[in-house]
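Novice: Sequence:
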Amino acid sequence: MTPCPLKMSTSMATGMIPTCRTSRWYTRTIWSTKSYRSLTRSSCRMSRRILVGIGALLFANPVLSLPQEDAKNSEIIRKLDNGVRIQDVIEGEGPEAHEGDLVEFNYVCRRSNGYFVHSTVDQFSGESRPVVLPLDEKQIIQGLKDVIVGMKAGGKRRALIPPNVGYVNENLKPIPEEFGPRRSLLSHSNEPLVFEVQLLKVL
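With full-length UniProt numbering applied, the sequence shown corresponds to residues 1 to 203, in that order.
Worth flagging that the hints you see were computed from the coordinates, not collected in a lab.
Keep in mind the model is a prediction, meaning the values are calculated, not measured.
You may find that some hints are simply not true.
Said to hold, decoys possible - Each computed DSSO-like pair below joins lysine-lysine, with the alpha-carbon atoms no more than 30 Å apart:
no.: 1; residue 1: Lys138; residue 2: Lys152
no.: 2; residue 1: Lys201; residue 2: Lys79
no.: 3; residue 1: Lys152; residue 2: Lys173
no.: 4; residue 1: Lys138; residue 2: Lys201
no.: 5; residue 1: Lys138; residue 2: Lys173
no.: 6; residue 1: Lys152; residue 2: Lys201
no.: 7; residue 1: Lys79; residue 2: Lys138
no.: 8; residue 1: Lys79; residue 2: Lys152
Unchecked claim - Simulated DEER-style distance windows between Cβ atoms:
no.: 9; residue 1: Glu93; residue 2: Val168; range: 31 to 41 Å
no.: 10; residue 1: Val168; residue 2: Gly100; range: 30 to 40 Å
no.: 11; residue 1: Ser187; residue 2: Glu93; range: 19 to 29 Å
Note that beta-carbon positions come from the ideal geometry of N, C-alpha and C, so glycine has one too.
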C-alpha cells in the first residue's frame with residue numbers, strides 16, 4: 001500500500017491523528033475531515049477504522065502523549081507485508097533495536113474502536129512498569145516484534161496489529177499479570193489491536 005500522507009495541524013498537540021469521520025465522542029480528541037480533504041474518498045474509506053483506532057490510542061494516557069514539536073515528523077502510516085500498519089511518532093536517539101535483542105519498553109494497547117485494554121503506564125499517577133522481552137517470535141507477538149525492530153531507544157511508534165500476527169496463542173507476550181486485564185486482552189485476540197510503544201532501552 002502506498003503510504004498515505006496526513007496533513008498536520010496544531011491539533012496534533014493532543015497526540016492524535018486524523019480520522020475520516022467525526023462523532024460527538026471523538027470531537028475533542030480527533031481532527032475533523034477538513035484537515036485532510038485532499039485524501040481520495042477511496043483511501044479514506046479503506047483506512048477509516050485504522051485511523052479511528054490509532055487516533056484514540058492516547059485518549060486516556062497523558063504520559064505517552066505526543067509533544068507538538070515532534071508531531072511534524074509523524075505524517076506517514078506505512079503498511080508491512082504482514083498487514084501491520086506503523087506510524088513513526090518520535091525517532092529516538094539511542095541504539096537501534098535488532099531482531100533477537102533484549103529490549104525494555106512501555107506500551108498502551110487498545111482495541112481498534114478505541115476501547116482501552118491495557119497499559120504499562122498508569123494514566124493517573126504516571127507510574128510505569130516497563131516490559132523486558134527479547135525480540136523473538138517465540139516469546140513476543142510477531143506484529144509487535146516487527147514494530148520494535150528498527151526503533152531507536154527513546155523512540156515511539158503507533159501501530160495497528162492484525163490478529164494473524166498478534167496473540168495467536170496464550171503464551172505470547174506482552175500480557176498483563178492481573179487476571180482481569182489478561183482475560184480482557186485474550187478475549188479480543190481475534191481482532192486487530194492498536195499499540196503505542198515507547199522503546200526505553202536496548203539491553
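Novice: Each hint needs a verdict: does it hold in this structure or not?
Specialist: Tested hints:
Proximity of Lys138 to Lys152 is assessed by CA-CA distance (about 22 Å); at most 30 Å being required, the pair is judged to hold. The suggested pairing of Lys201 with Lys79 holds, with an alpha-carbon distance near 25 Å, which does not exceed 30 Å. Under the criterion of a C-alpha separation no larger than 30 Å, the hint pairing Lys152 with Lys173 is consistent with the structure, at around 21 Å. In summary, the hint linking Lys138 to Lys201 is supported, as the alpha carbons are separated by about 21 Å, within the 30 Å threshold.
At most 30 Å may separate the alpha-carbon atoms for a hinted pair to count; Lys138 and Lys173 meet this at roughly 9 Å. Straight-line distance between C-alpha atoms of Lys152 and Lys201 comes to about 8 Å, which keeps the hinted pair within the 30 Å bound. Only pairs whose Cα atoms come within 30 Å are accepted, and Lys79 paired with Lys138 is accepted, the gap being roughly 23 Å. About 19 Å separates the Cα atoms of Lys79 and Lys152, which keeps this hinted pair within 30 Å; it holds.
A hinted range of 31 to 41 Å for the beta carbons of Glu93 and Val168 is consistent with their spacing of about 34 Å. With their beta carbons about 20 Å apart, Val168 and Gly100 fall outside the hinted range of 30 to 40 Å. Roughly 38 Å separates the CB atoms of Ser187 and Glu93, a value that falls outside the hinted 19 to 29 Å.
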